[in-house]
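K.L.:
Sequence:
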Amino acid sequence: MAAKEHLYDPGAVEEKWYKYWMDEHLFSSHPDDREPYTIVIPPPNVTGVLHMGHMLNNTLQDILIRHARLQGYNACWVPGTDHASIATEAKVVAKLAEKGINKHDLTRDQFLEHAWAWTHEHGGIILEQLKRLGASCDWDRTAFTLDEARSKSVIKVFCKLFEEGLIYRGVRIVHWDPKAETALSDEEVIYRDVVGKLYWLRYRFEDPADGDFLVVATTRPETIHGDTALCVNPDDERYKQYIGKKVIVPIVGRVIPIIADSYVDREFGSGCLKVTPAHDINDYNLGQKYHLPSIDIFNNNGTLNEHGGAYKGMDRFEVRDKIAKDLEAAGLMERIETYTNRVGCSERTGVPIEPKLSMQWFLKMEDLAKPALEAVEKDDVQLIPAKFKNVYRHWMENIKDWCLSRQLWWGHRIPAYYLPNGDFVVAESPEQALAKAQLKEGGESLSIEDLRPEEDCLDTWFSSWLWPMSVFGDFFDENNKELNYYYPTTTLVTGPDILFFWVARMIMAGYKFKGTRPFKDVYLTGIVRDAQGRKMSKSLGNSPDPIALMNQYGADAVRCGLMMATSAGNDLLYEESLIEQGRNFCNKIWNAFRLVEQLPVDNTLAQPETAQQAVAWFEGFLGNAIKELDDLMSKYRISEAMTLLYRLFRDDFSSFYLEAIKPPFGHPLDAATHKSTIAFFEILLQLLHPFMPFITEALWQEIEPRQKGESIMLTRIAKPAQANNSLLHAVEVIRNVITEVRNARNKNNIAKNEKLVLVIPQDHPGEADALLMKLANVDLKQKDDSEGIKTGFIVETYSYSLLIDNAVDKDALRQKLMADLQHQEGFLKGVEKKLSNARFVENAPENVVAIERKKEADAKSRIATLQAQLAELDK
Numbered sequence: 001m002a003a004k005e006h007l008y009d010p011g012a013v014e015e016k017w018y019k020y021w022m023d024e025h026l027f028s029s030h031p032d033d034r035e036p037y038t039i040v041i042p043p044p045n046v047t048g049v050l051h052m053g054h055m056l057n058n059t060l061q062d063i064l065i066r067h068a069r070l071q072g073y074n075a076c077w078v079p080g081t082d083h084a085s086i087a088t089e090a091k092v093v094a095k096l097a098e099k100g101i102n103k104h105d106l107t108r109d110q111f112l113e114h115a116w117a118w119t120h121e122h123g124g125i126i127l128e129q130l131k132r133l134g135a136s137c138d139w140d141r142t143a144f145t146l147d148e149a150r151s152k153s154v155i156k157v158f159c160k161l162f163e164e165g166l167i168y169r170g171v172r173i174v175h176w177d178p179k180a181e182t183a184l185s186d187e188e189v190i191y192r193d194v195v196g197k198l199y200w201l202r203y204r205f206e207d208p209a210d211g212d213f214l215v216v217a218t219t220r221p222e223t224i225h226g227d228t229a230l231c232v233n234p235d236d237e238r239y240k241q242y243i244g245k246k247v248i249v250p251i252v253g254r255v256i257p258i259i260a261d262s263y264v265d266r267e268f269g270s271g272c273l274k275v276t277p278a279h280d281i282n283d284y285n286l287g288q289k290y291h292l293p294s295i296d297i298f299n300n301n302g303t304l305n306e307h308g309g310a311y312k313g314m315d316r317f318e319v320r321d322k323i324a325k326d327l328e329a330a331g332l333m334e335r336i337e338t339y340t341n342r343v344g345c346s347e348r349t350g351v352p353i354e355p356k357l358s359m360q361w362f363l364k365m366e367d368l369a370k371p372a373l374e375a376v377e378k379d380d381v382q383l384i385p386a387k388f389k390n391v392y393r394h395w396m397e398n399i400k401d402w403c404l405s406r407q408l409w410w411g412h413r414i415p416a417y418y419l420p421n422g423d424f425v426v427a428e429s430p431e432q433a434l435a436k437a438q439l440k441e442g443g444e445s446l447s448i449e450d451l452r453p454e455e456d457c458l459d460t461w462f463s464s465w466l467w468p469m470s471v472f473g474d475f476f477d478e479n480n481k482e483l484n485y486y487y488p489t490t491t492l493v494t495g496p497d498i499l500f501f502w503v504a505r506m507i508m509a510g511y512k513f514k515g516t517r518p519f520k521d522v523y524l525t526g527i528v529r530d531a532q533g534r535k536m537s538k539s540l541g542n543s544p545d546p547i548a549l550m551n552q553y554g555a556d557a558v559r560c561g562l563m564m565a566t567s568a569g570n571d572l573l574y575e576e577s578l579i580e581q582g583r584n585f586c587n588k589i590w591n592a593f594r595l596v597e598q599l600p601v602d603n604t605l606a607q608p609e610t611a612q613q614a615v616a617w618f619e620g621f622l623g624n625a626i627k628e629l630d631d632l633m634s635k636y637r638i639s640e641a642m643t644l645l646y647r648l649f650r651d652d653f654s655s656f657y658l659e660a661i662k663p664p665f666g667h668p669l670d671a672a673t674h675k676s677t678i679a680f681f682e683i684l685l686q687l688l689h690p691f692m693p694f695i696t697e698a699l700w701q702e703i704e705p706r707q708k709g710e711s712i713m714l715t716r717i718a719k720p721a722q723a724n725n726s727l728l729h730a731v732e733v734i735r736n737v738i739t740e741v742r743n744a745r746n747k748n749n750i751a752k753n754e755k756l757v758l759v760i761p762q763d764h765p766g767e768a769d770a771l772l773m774k775l776a777n778v779d780l781k782q783k784d785d786s787e788g789i790k791t792g793f794i795v796e797t798y799s800y801s802l803l804i805d806n807a808v809d810k811d812a813l814r815q816k817l818m819a820d821l822q823h824q825e826g827f828l829k830g831v832e833k834k835l836s837n838a839r840f841v842e843n844a845p846e847n848v849v850a851i852e853r854k855k856e857a858d859a860k861s862r863i864a865t866l867q868a869q870l871a872e873l874d875k
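Note that UniProt numbering numbers the sequence shown so that position 403 is 403, with each residue one more than the last.
It should be emphasised that the hints constitute simulated quantities derived from the structure, not laboratory data. Check each hint, because a few of them may be wrong.
[As the list claims (entries may be wrong)] Pairwise CB distance ranges (calculated):
id, residue 1, residue 2, range
1, VAL171, ASP105, 26 to 32 Å
2, LYS370, GLY170, 19 to 25 Å
3, TYR191, HIS25, 31 to 37 Å
4, ASP763, LYS708, 55 to 61 Å
5, HIS30, LYS400, 41 to 47 Å
6, GLU366, ALA12, 56 to 62 Å
Just so you know, even glycine gets a beta-carbon here, dropped at the ideal spot from N, CA and C.
Between the sequences and the hints, there should be enough to build the whole structure, so can you do that?
P.N.:
Next up, the structure:
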């Protein structure tokens with residue numbers, strides 16, 4: 001082959017070979033007689049673009065799926081996107097607002113036209129970006145949670161669960177997002193520490209004979225319009241005499257009772273709690289227990305409604321400031337303190353949520369959770385790392401009913417239909433709904449026009465909890481061949497932040513609708529953080545653009561760098577040096593191939609002993625590495641697997657093996673060694689391929705002409721050779737010996753081409769002595785009685801002595817030793833001066849003094865060694 005530039009250009013390689021994979025349909029999977037290995041992608045939001053978390057997650061998935069292909073599995077990676085109700089609707093509303101259009105001025109159908117147009121324009125961006133990463137998804141299987149096939153499954157499941165009595169409609173306290181104007185589930189609330197204020201309010205007694213007032217501490221004075229009681233702890237001596245009395249809500253003027261319940265924390269604030277049942281879940285529970293009225297004071301957008309009196313129409317935070325001033329003016333404010341409070345915020349819009357009493361649809365979770373908890377407890381579904389089992393158990397044992405409904409238009413519309421009399425039916429279609437409605441009392445004369453469809457849509461997670469099943473079509477069809485072949489899937493790769501959001505719910509759905517687990521293993525990634533440990537975010541400006549990184553360094557370099565620094569469940573501290581390391585490794589692979597490729601080969605040459613030993617050693621060493629790699633991959637220790645391959649190629653193959661077989665400058669390589677080396681290189685490319693797919697494919701195709709569609713990803717790695725353990729041990733020893741010899745040369749200014757004599761012990765393992773003599777440039781002797789300069793060292797239990805007398809430039813070495821001695825004596829003088837200072841010794845921390853004493857001892861030891869070496873030179 002002709003010589004090529006020794007610099008890897010990822011731009012020229014990646015586009016070419018991804019197109020090749022796509023053109024040849026090499027990612028496609030169809031059921032056959034092989035064992036399947038299936039991964040379903042955690043569907044990114046259709047609104048999304050690639051970020052570093054996606055890069056980590058999808059690189060891991062691609063590594064697993066490519067590794068499975070090489071092992072002979074029928075590997076299927078199903079891609080897709082999530083319709084992301086809240087996030088997408090928010091983006092469409094914002095886009096309409098730019099054009100001066102208000103969502104509420106549109107009909108539902110008109111709004112959905114805009115939403116679909118936006119989705120078709122932006123929805124495929126992130127999937128195209130994943131192709132840049134090298135993701136080997138079966139793109140023909142791309143699914144969307146709001147497409148027709150998935151929508152049919154969602155509606156069918158809702159109706160089935162409703163018919164079984166598991167879905168119900170009722171008024172409950174929910175988390176309300178005033179910006180998106182929708183209910184949220186518990187898991188969609190992010191709690192943040194916010195520095196605010198604690199307001200101490202005076203509630204005057206209705207009967208002056210009871211006293212002046214009680215003081216209540218609250219962070220939310222704007223909610224006093226919804227107060228329907230004060231509550232104290234029955235064991236609190238300060239308030240026992242007031243239980244059953246009545247007070248007047250400040251400014252509002254409403255008379256409310258004082259009740260007692262052990263729920264009240266006597267240590268918080270004044271120990272007296274204001275109860276607002278419509279706007280706090282714990283207050284709601286107290287209201288239910290003591291039959292208190294609930295007064296909803298908020299509109300859906302977070303402004304006060306007609307119950308807000310003079311504050312009607314004002315935003316809740318505006319009211320907080322205004323009412324505080326009004327309370328102070330009225331003499332009803334005891335004091336105001338700075339206070340740090342945990343505030344629940346909407347995961348999607350970021351605004352503080354508002355607990356709100358609302359009519360919603362709910363799914364009973366307790367019975368669904370039991371088999372899903374048992375599956376993880378018994379490792380039928382294995383969480384990796386296992387430390388997340390405790391978190392999972394806590395969630396599942398304390399599970400609450402799932403609020404399914406969202407007050408949005410973008411999403412699966414809840415299949416409920418209201419009759420004129422206020423009753424409702426649930427059905428998969430309007431026609432089925434009409435038939436059900438006509439069976440109800442007085443419904444015989446109804447038409448479809450008389451039925452009012454539910455306005456709410458379903459929580460996005462209600463479609464994605466079906467994802468491992470729904471991507472393969474109708475999972476209620478027992479004859480669904482694809483589902484029966486690919487399901488249960490093999491591995492799920494996702495973040496622990498959605499362990500309950502998504503993972504737990506998929507497990508519930510799997511056992512509920514298919515009677516089995518949806519996947520075998522769940523690999524939980526860490527979070528990508530910057531070097532300071534901060535989570536990457538646009539607001540902090542600390543997140544690099546993945547596309548820019550791949551443009552600069554190449555996808556393989558980015559993948560390699562990320563994999564060198566990650567492990568299951570542990571956060572990754574990102575530094576660009578990781579990616580630079582990946583790029584340098586790509587160049588190492590590229591240059592190693594060019595070296596092997598360009599060596600002249602002579603078919604008439606016999607294989608020298610050094611090459612025989614090197615080939616025999618690397619064959620066994622490589623076989624052991626393959627076994628270790630398979631073990632690491634089976635345990636999802638993917639970072640360790642990447643590190644193993646990095647060292648195997650860089651240190652063992654490139655730095656040692658290639659050096660060992662390389663003929664003298666200007667001489668050819670024998671054919672047998674060349675053949676073995678090419679075979680080794682092919683295996684190394686196969687092992688590296690899942691991690692670095694582009695460069696490995698490119699070099700694989702260069703090694704020899706390949707047939708069309710004959711990709712490295714479809715090959716099989718040869719069975720590992722049986723290793724010669726005594727030879728492996730011998731080479732391990734001599735590699736350390738070679739290092740010691742080279743260190744001695746550097747230390748004593750001895751040129752590399754100066755042959756030395758190495759005295760070896762009687763029990764020295766000699767199977768690799770030809771390699772030792774070549775790479776260390778030494779002659780071997782078993783005994784030496786000369787009086788010349790020697791340097792000794794020990795490797796494992798073997799003692800070696802290197803004769804360096806004739807090779808040493810004594811004057812140069814003497815100058816080097818004298819300079820080192822002078823430096824050490826100066827250093828020792830400074831340390832001794834510090835230790836002679838009584839104030840330092842008496843007042844400094846004990847460990848600091850100990851460090852200084854250690855410095856003193858080390859310096860004295862080094863000085864003694866240098867003096868002995870100088871004395872030896874002067875003999």
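K.L.:
For every hint, state whether the structure bears it out.
P.N.:
Hint check results:
no.	hint	verdict
1	VAL171 / ASP105: 26 to 32 Å	30 Å, holds
2	LYS370 / GLY170: 19 to 25 Å	23 Å, holds
3	TYR191 / HIS25: 31 to 37 Å	47 Å, violated
4	ASP763 / LYS708: 55 to 61 Å	57 Å, holds
5	HIS30 / LYS400: 41 to 47 Å	42 Å, holds
6	GLU366 / ALA12: 56 to 62 Å	58 Å, holds
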